Each structure stands twice: as C-alpha cells, then as structure tokens.
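Participant: Using the sequences provided together with the hints, build the complete structure.
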Amino acid sequence: MSWNRKHLLDIESLSVDEIVTVLDTARAFKAVGERAIKKVPALRGKTVVNLFIEPSTRTRISFELAAQRLTADIVNFSADASSFKKGETLKDTARNLEALNADFIVIRHSASGAPHFLSRVVNASIINAGDGAHEHPTQALLDAFTIREHKGKIAGLNVTILGDILYSRVARSNIWALTKLGAKVTLCGPSTLVPKTFEQMGCRVTYDVDEALRDADIIHLLRIQHERQRKTMFPGIGEYTSLFGLNPARLAKTRPDALIMHPGPINRGVEIDSEIADCGRSLILEQVTNGLAARMAVLFLLNGGKGPQEVA
Amino acid sequence: MSDPAVILNAAAIQRALTRIAHEIAERNEVGAEVVLVGIPLVGDQLAFRLGKILSDIWKLPVPVGVLDVSLHRDDLDQRAAPTIHPTVMPFDVTGRTVVLVDDVFFTGRTTRAAMDALNDFGRPKNIQLAVLVDRGHRQLPVRADFVGKNVPTALAEKVRVRLDTPGRPDEVVLEK
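Listed in order, the protein sequences are those of chains A and B.
Mapping of the first sequence onto the working numbering: position 213 corresponds to residue 213, and the numbering continues sequentially without gaps.
Mapping of the second sequence onto the working numbering: position 11 corresponds to residue 11, and the numbering continues sequentially without gaps.
If you're looking for bench data, these hints aren't it; they were derived computationally from the structure.
Since the structure is predicted, the reported quantities are computational estimates derived from the model, not experimental observations.
The beta-carbon is built from N, C-alpha and C at its ideal position, and this holds for glycine as well.
Be aware that a few hints might be false.
To be verified - Listing some non-contacts, in silico: residues in chain A with all C-beta distances to chain B over 10 Å: (1) 60; (2) 132; (3) 208; (4) 249.
Unchecked claim - Taking lysine-lysine and the DSS-like style, the derived pairs with C-alpha atoms no more than 30 Å apart in a straight line are: (5) B/149 to B/125; (6) B/52 to B/125; (7) A/151 to A/38; (8) A/91 to A/306; (9) B/125 to A/39; (10) B/158 to A/306; (11) A/306 to B/176; (12) A/306 to A/38; (13) A/6 to A/39; (14) A/30 to B/125; (15) A/151 to A/39; (16) B/52 to B/149; (17) A/184 to A/30; (18) A/38 to B/125; (19) B/176 to B/149.
Facilitator: Here it is in structure tokens:
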C-alpha cells in the first residue's frame, strides 16, 4: 500500500490501491475509537480548518472529531459568520487561513470544483467535504468501508443506489469508488433525476424499482436534494414516496441479507419508511461511526510526507 | 551492493530467544506479573516465540500482546504515511511488568513511540525491552534490557530479520 497525495479532491482520480489504502487505514482507526483512550498524537501541532461554505452538521462534526482524535487543532469557519457576506473571495479567504498556518483545509462548497481551485492557490492540503453536485469523497470511502466490513468484500456485489442521482455528489463519488472496486452498480429513481448518461460511468440505469432492488446486496438510499433543484423534477413528494420510497412491502421482495444505507440526513416517511430506518438491516448509524474512522484515515494519510513509507 | 551477510541463522535465532527468555525469567521472579508486547511486523512474531519458551519455564501461560506504534512516531510528516498494523492488547497492563519485544534496536525512536503508545493502555509497573539485534546508533537515551546479539553496523547498512516466511529459512542478514 502507498499514499503520496497531498489533497483528497475526488474519488475519480484515485487508484484502486489508493482507495484500499484508505479503507485499511480506516480499519486501524476504527479500532483506536474502541479503546478507552481514543486519542492518538499523530497530527500533534497541525491545524485543520473546516471551511464550510454550505451548511452541514454531520460531516463538519465528523471532521472536527477526527482532527481532535488525531490531536490536531481545529477551527470552524462557516459561511454565515464569515466574510463571504462582506464580499471576500474564496481565494482570499483561503489565503487568510493559510496565513494562520493552516495545514489542512476541509472545504464544503456549493460550487463543483471549488476544492480543486483551492488546491492550486494555497499550499495547505485540501480535503473535499462535498462540492456542489460533483463529489463527496469521504462519504464514498466510509460507505465502501462499511460495505466491506459487512460483506467481507466489494467486488461482485450488487449495489443499488436509489433516489436523486442527478443532484447527488454522494452518488457520483460512490459510483466511482464502487465500480473501481468491482461492484455492479444499479441506479434507480425518477427518470428526470436518473438520466441515462450515468451509464457512461459504468453503471446500469433502470426505472423499475422492484427489479432494481431484487438482487441488491446493498440498497443505498439518497435524499431528494431540494436545495439543488432549480425547478420541480417530479410531481410531488407523495408520489415519490409511493413510487420509489423503501417501504416494508418493497423490502419484503429484496434478498433477506440485503443491507440498507443512507448518507443522512434521512427524511423519514419520504425515501425511507421509519421502521426500516431503525431495523437490523439498516447501517445508517454505523456509517456515521465509520465516517469518523475514514476521515481520521484521510487526515493521517495526507499528513504523510514524500518518499517511501519505510522507517528505520 | 554486495551480498547480504547472515548474522544469525535459524538455530542461532532460537538459541538467542531461549537465552533472552531465561534472562527475563531471572530478572522477573513473579512470572504472573509479566506480559510480552511485540511491535509489528517482526517483534510480534518474536514475542509469541518468547511467550512459548517463557510459559515452559514458568509453567504458566504468558500473555502476549501486539502494539502498533506508528501513530506515536515522531516522523509522521517526514515520509509517506506508514501502514498501521492491528493492535491487540488482550490484558490490562496496569500494575504488570511489560516486556516490549522488537527485532532490531537502532535509533531508539520506535521504543520511545512504543512507550507512549503503551501509556494509552494503562500504567505498567515496569517496562523492559527485549531485542533480537542491537545495531547501535541510538538517537535517544534508551537502552535494551535483553539483547540477542550486538552487531556493529554502519549507518547506511540495513539489518533485516525474516521469520516464518514460506520456503525461506529464518535468518537475520546485514545488507551493505
């Protein structure tokens, strides 16, 4: 295994080896999280800035705790309280953060490509925590980690991603990660939100929800991203729920060992029935636990310097 | 690069471990207080071998743990991030005598990291250090309590310990 990257901008450019390196490292950090003392000094003296130009709670808290568990210092910077409202550009904000000796900038932004832009204008390591509808790499890494932990492998599994694919950075990152790792990915949802062009990413598109779920080992549900839809993409929430929501009747037709995932926040009674969200086949809360381990792994790997990893 | 010189062959490794085990038993009268903690990738294998010999000497099971120290290293941002190996500490170290087991004793930085890592699991009564090879060049004020073999080396040389590799004999080699 090896890792020589300075930034984590997307999954698309990662090799299979690099993805597996993150997953293996995350496994070690999950074990650290189960100890009485959950903190290690690996990033002692480093500064991590959470630059969140789009609201987020769980991802921000997850990165915050990940940095703290690695003994880094962390500062939160959110759009509401910041100078963006006063007209400062993203580049200037980032360079100001760098002037405070930030070693890592974790950025969430509504514009696709914002992390890539930052990586060219500042010296800090950039971690993409979600850029527009483009990618959310740490989510895909924690999802792949969760799947591997439960199924023992990823290659050959049938993974169905159901919901708003078009506006979902989680879907894009997951498609890249899972297809690279050898899973067979099926996409399903309203045709306006699941265009056939996604087949170019190496997955299958279907609009028949029962067929999409029948052979799935993993059912990955996505929230409808109202905030990104400029106009209504389907007649109504009620219709979405009745046509694509995961309810007990639909679940009964799936394989008994199919597991349910959701990146959160869940909308109970919309894309997922309330009792299914809490059932034994749901991995939703475990994804949150694993997210912490995956983000610790990413910070740890990006902290590494150049050259071979061997130590004397 | 010339051919690597064999410093210890399989029989010599086993003899060194047997002697170290007897020295550990001599130093620690109460065997029940002693636990062995090996540092991967090779120290853990050595710890399990030592544990077996010590169990025979003391006629009681000697617990063996595996402690990855890479998260406590002081050079993490100097080179590519290290592979983290599983840590398995199936006992409480508080009040016990912990014998750290490593293959090659060199700069002392791994040992320092190991003592820090151990602290996260409790407060040992004593920490002792057993190594198969001491090659010198310490950069920190630490020393080994039990040494299999002292080998004078040049800084640029490498000492490799190979154990339990299918099709290859156990041996310690010095690479120029």
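Participant: Give a verdict on every hint.
Facilitator: Now for the hints, and whether the structure bears them out:
1. Even its closest Cβ contact with chain B, about 24 Å, leaves residue 60 of chain A beyond 10 Å, as expected for a residue assigned away from the interface.
2. For residue 132 of chain A, the condition that its CB be more than 10 Å from all CB atoms of chain B holds, with the nearest at approximately 29 Å.
3. Against the 10 Å criterion, residue 208 of chain A stays outside the reach of chain B, whose nearest CB is about 44 Å from its own CB.
4. In this structure residue 249 of chain A is separated from chain B by more than 10 Å, as the shortest Cβ-Cβ distance comes to about 43 Å.
5. Note on residue 149 of chain B and residue 125 of chain B: the hinted pairing holds, with a Cα-Cα distance of about 27 Å set against a maximum of 30 Å.
6. The straight-line distance between the Cα atoms of residue 52 of chain B and residue 125 of chain B is roughly 23 Å, inside the 30 Å bound, and the hint therefore holds.
7. Straight-line distance between C-alpha atoms of residue 151 of chain A and residue 38 of chain A comes to about 26 Å, which keeps the hinted pair within the 30 Å bound.
8. Among the hinted pairs, residue 91 of chain A with residue 306 of chain A is consistent with the structure: their alpha-carbon atoms are about 26 Å apart, no more than 30 Å.
9. With a C-alpha separation of about 23 Å, the suggested pair residue 125 of chain B and residue 39 of chain A falls inside the 30 Å cut-off, and the hint holds.
10. Annotation: proposed proximity of residue 158 of chain B to residue 306 of chain A holds, straight-line Cα distance about 21 Å (limit 30 Å).
11. At roughly 25 Å between alpha-carbon atoms, residue 306 of chain A and residue 176 of chain B fall within 30 Å of each other, so this suggested pair holds.
12. Taking the CA atoms of residue 306 of chain A and residue 38 of chain A, the gap is about 28 Å. The hint holds against a cut of 30 Å.
13. Distance hint between residue 6 of chain A and residue 39 of chain A is fulfilled; the C-alpha atoms sit about 23 Å from each other, no more than 30 Å.
14. This hinted pair checks out: residue 30 of chain A and residue 125 of chain B have alpha carbons roughly 28 Å apart, not beyond 30 Å.
15. Taking the CA atoms of residue 151 of chain A and residue 39 of chain A, the gap is near 29 Å; set against the 30 Å cutoff, the hint holds.
16. With a CA separation close to 20 Å, the supplied pair residue 52 of chain B and residue 149 of chain B stays within the 30 Å bound.
17. For the proposed pair residue 184 of chain A and residue 30 of chain A, the alpha carbon gap of about 27 Å is at most 30 Å, so the pair holds.
18. Distance check on the hinted pair: residue 38 of chain A and residue 125 of chain B sit about 22 Å apart at the alpha-carbon level, within 30 Å; holds.
19. Using a Cα cut-off of 30 Å, the hinted pair residue 176 of chain B and residue 149 of chain B holds, with the two alpha carbons roughly 18 Å apart.
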